[in-house]
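J.: All chains, please: the whole structure from these sequences, using the hints.
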Amino acid sequence: QQQVKQSPQSLIVQKGGISIINCAYENTAFDYFPWYQQFPGKGPALLIAIRPDVSEKKEGRFTISFNKSAKQFSLHIMDSQPGDSATYFCAASMIGNTDKLIFGTGTRLQVFP
Amino acid sequence: ETGVTQSPTHLIKTRGQQVTLRCSSQSGHNTVSWYQQALGQGPQFIFQYYREEENGRGNFPPRFSGLQFPNYSSELNVNALELDDSALYLCASSTRGPSSYEQYFGPGTRLTVT
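Taken in order, these protein sequences are the chains called A and B.
Quick note: the first sequence uses this note's numbering, first residue 426, plus one each step.
Quick note: the second sequence uses this note's numbering, first residue 663, plus one each step.
No incorrect hints appear here.
Selected chain A positions facing chain B (Cβ under 8 angstroms, derived; list incomplete):
#, residue
1, P469
2, L471
3, A474
4, K525
5, G529
6, G531
Keep in mind the hints are simulated off the structure, nothing from the lab.
Virtual Cβ for every residue (Gly too), placed ideally from N, Cα, C.
T.: So, in structure tokens, the structure goes:
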């Protein structure tokens, strides 16, 4: 029940295309859903996050879509660029508890020019 | 504003040895969480420190322990190292509060156990 399932494991997108990464969770007590971007040899960097009281959040080319009834959320990267090539992790947590983040298994995104 | 820093960057230890990893939290943050990231995997929560006390622990044995200091910096100690402890150890800082829950990660310490 603590798991966060992420797909696909890897994704290849042409420059300018849309990258879509999906995550699903079981624990309905989760109330914070961030996405992190990680480059090789670096720590994860917070990209964008959403709370379950909204169905969508957009920041620049990055959008989170959230479906509370389906217990699913996804990251959309519009106009994907080669610089977006990285591993993306979704995560979930219960705010006010330990705030510990439960991470998905990661998606390796490659954007080709 | 200073980000999260960790030291050392890389470390090689022998099985059975002990290791101490260090983390300085981001300016203004009072909470530190430690995560272990095995190669090709997502980070796994080890524990969190708030007000110098452990505030939640993941599924890690007692040989993983930690400290938080009055300046909010933190240490992760691992005793009796095992080969499976080889991983990237990440520290994340945050500020506890009803509207503050974003965790910011440091660059990590790459631990290799031989």
